[in-house]
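Peer 1: What follows is each chain in one-letter form.
Number of protein chains: 2
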Amino acid sequence: MYNYKLLVSYDGTNYSGWQVQPNGISIQHLLQKAILTITKEDVIVVGSGRTDAGVHALGQTANFKCSKELDLHSTLRSLNGLIPHDVRIRNIEVVDQDFNARFSAKSKTYHYHLHLGATENPFKRLYSWHLYHKIDIDALKEAAEALVGTFDFTSFSNQSDRGSAGINPVRTIFNIDVVEEDEGICLAYSANGYLYKMVRNITGTLVEVGSGKRSPPDMQKLLNAKDRRLAAAAAPPRGLFLMHVDY
Amino acid sequence: MYNYKLLVSYDGTNYSGWQVQPNGISIQHLLQKAILTITKEDVIVVGSGRTDAGVHALGQTANFKCSKELDLHSTLRSLNGLIPHDVRIRNIEVVDQDFNARFSAKSKTYHYHLHLGATENPFKRLYSWHLYHKIDIDALKEAAEALVGTFDFTSFSNQSDRGSAGINPVRTIFNIDVVEEDEGICLAYSANGYLYKMVRNITGTLVEVGSGKRSPPDMQKLLNAKDRRLAAAAAPPRGLFLMHVDY
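From first to last, the protein sequence lines are chains A and B.
Residue numbers for the first sequence follow numbering that gives the first Met the number 0, so the first one is 0 and each next one is one higher.
Residue numbers for the second sequence follow numbering that gives the first Met the number 0, so the first one is 0 and each next one is one higher.
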């Protein structure tokens, strides 16, 4: 068996997310179908993690095992010819048998784009969360800082449809960069892993701090409470990008 | 009568262009319908120029005349509430009676984005022309330079559906900046006006120079020939943005 690693970018707007779903078209399904056409093998494409419906990726990483030795260059072109243009495979390479896109991941980086301003920019409408009001960036930075480290993030995790019971709720956030960008703010998260909807739940809560509805010290209290009901609603999926996965 | 000037941004992907058309939804139609709802007056919204189906605008400028004195802030909000999110009115102001968005324009700036690279970026697919091959940027710059000045641009103008006969084919291009950007090249055109499809026809021809299919001195010959059949096919609309109009 050969183990192939894929680097994939996608505009998540028109998809039901990464993972194969009973309803809607998933990125994983598209890739598996294209690989079946090329290799005649019914493979499972393992992603570094699920992205929700509407979430985007610049550098999703995945792998699949196949008995055939594939010409990498022509396979890349053929697969891209079989899938829609809002999903592009950027690279394919052969990796060690024990490489698993999900379990081998050491760090994953997500960016969340907040778009600020009196008028929405039509070109950002599908790729950011537009806020009409001002954001106190210093309060937001202070609140974000409180989440950096190794914690039980239960307060920021939704129950998954596959069940969260038994899942270890402890994760390590290495960094949350709060960066001003053109017409907005980018929240750049780097962590060893994320619970279900964790980035969007944290972002929704940080925005409430930046909007003056909560204060930065509330973040520590939220972590301690381990109660999802106390944090804010999830930020919308369209502002979220999986940037890259490190192994 | 009050004369109102609008600054408008739109993602042209889903529209049949600026101008009201028998088939398809135009930006002009959307704005006129929203203004009718707010003011109860059936106005004509005059744009600085038509943009074709699929062409985008960051700073399209338009004006309309109306007998009512409108509260500018609330009108802006109300109009934006009546139109889709891929079209946004960024500003509304009262201007002199003799201001006409089309005829008062002194200079218009368009950007055309070429996206280069072995793999398409899904986030640029609707906003650029993706080329798989390399572009000789020096040849492209040299060819662009030959078009700066006051010339008869017949070779780069399509017959318009409203007829080009009798239209003066002389325009002045003030500048064509050829700027390297992330994963591509931006062609930034500034001129006192443009003939029908002129930017896209010039861009298509410049890309043939950059691709080695034509040489830079061909541009002078093309201008002299005054024959549209000798220039290249138009570049696709999705790479083109009307950036701003100066008065």
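Hints listed in this document are in silico derivations from the structure and should not be mistaken for laboratory results.
Misleading hints may appear alongside valid ones.
Treat identical chains as interchangeable: a pair holds within one or across any two.
Within a straight-line C-alpha distance of at most 27 Å, the following computed DSS-like cross-link-like pairs (lysine-lysine) qualify [as the list claims (entries may be wrong)]:
| id | residue 1 | residue 2 |
| --- | --- | --- |
| 1 | K123 | K32 |
| 2 | K4 | K123 |
| 3 | K133 | K196 |
Peer 1: Given a CA cutoff of 27 Å, do K133 and K196 count as a within-copy pair, a between-copy pair, both, or neither?
Peer 2: Result: close within a single copy only, 25 Å intra versus 41 Å inter.
Peer 1: Should K123 paired with K32 be assigned to within, between, both, or neither, using CA atoms and 27 Å as the limit?
Peer 2: between (31 Å within a copy, 25 Å between copies)
Peer 1: Reference check for the pair K4 and K123, CA-CA at most 27 Å: within, between, both, or neither?
Peer 2: between (31 Å within a copy, 24 Å between copies)
Of the numbered hints stated above, none is contradicted by the structure.
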